[in-house]
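Please work from the sequences and hints to get the whole structure.
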Amino acid sequence: MKKLVLSFVLLLFVVNINTLKAQNEENTGHSAEKLAKQLANPVASLISVPLQNNFDFNLGAFNGFRYNVNLQPVIPISINEKWNLISRTILPFISQNDVTAIGTNQTGLGDTTQSIFFSPKEVKNGMVWGTGVVLTIPTATNNLGSKKWGAGPNLLILKLQGQWTYGALANHIWSYAGSGTNDISNTFFQPFLTYANKSGASFTIASENTQSWDSDTFSGFAGVYFSKVLKFGKQMMQLGGGPKIYYGNNPLNPEWGIRANIILLFPK
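Quick note on numbering: the sequence shown equals residues -22 to -1, 1 to 246 in mature numbering (1 follows the signal peptide of the UniProt record, and there is no 0).
Careful, some of the hints might be misleading.
Stated by the list, open to error - List of simulated lysine-lysine pairs, DSS-like, C-alpha gap at most 30 Å:
1. 246 x 125
2. 246 x 102
3. 209 x 246
Treat the hints as calculated values from the structure; they're not laboratory data.
And the structure:
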């Protein structure tokens, strides 16, 4: 399984590099640069459908493996001349083995996370912000979720400065219903820094951190990613990925992982 995963990731990067070399920068450079910058902004006016593939190794006491692909459609909606509403859905599909015990495996859906941001269209001094609500919907199967409904506030602040985009996303979710035995009170914090060049290539450093106040556990990881906006026929997309290193006191934390993204783009 691990050899298959690593072969897939290697193939992705080979395709990415070869396509990058063959790309005609004169014809697509400007639009690719704009799209790369928009992708670094979670509340940009860009419809996108990311397929985020996560391969995580050495989970927990049994050194398990987990593959998690997140379907994450992002849809901006113009409310009026001053405001946008951005819908961001994360629906995970999970396949894991040797996580709960040696020789076990689970495959199915995880819980859905639905974020709704309200963001002003006008950007002043490069500052962008959005605020709204985040919801947890118990769509998980095969005991891969919390069996809880949750909700809470969501906040994003970022700065656009030339080729750089940097900022942070934060939210907190409390459970309020559901059949699960454990309540949810989780704080999530995601700082990020992206440099996008004129060819549409981008380099990102980001971390994702979750503090569970009910179980007193902290889990997080830091990742370094390379991505490139490409055009296949008439379809614009971004391919990319990179390594992740985990930290925290969560006993189910992996030791390390790899993220590989395929993002379909639908610019207006």
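To see whether the hints hold, each was checked on the structure:
Taking the CA atoms of residue 246 and residue 125, the gap is near 38 Å; set against the 30 Å cutoff, the hint is violated. Distance hint between residue 246 and residue 102 is fulfilled; the C-alpha atoms sit about 22 Å from each other, no more than 30 Å. Annotation: proposed proximity of residue 209 to residue 246 holds, straight-line Cα distance about 15 Å (limit 30 Å).
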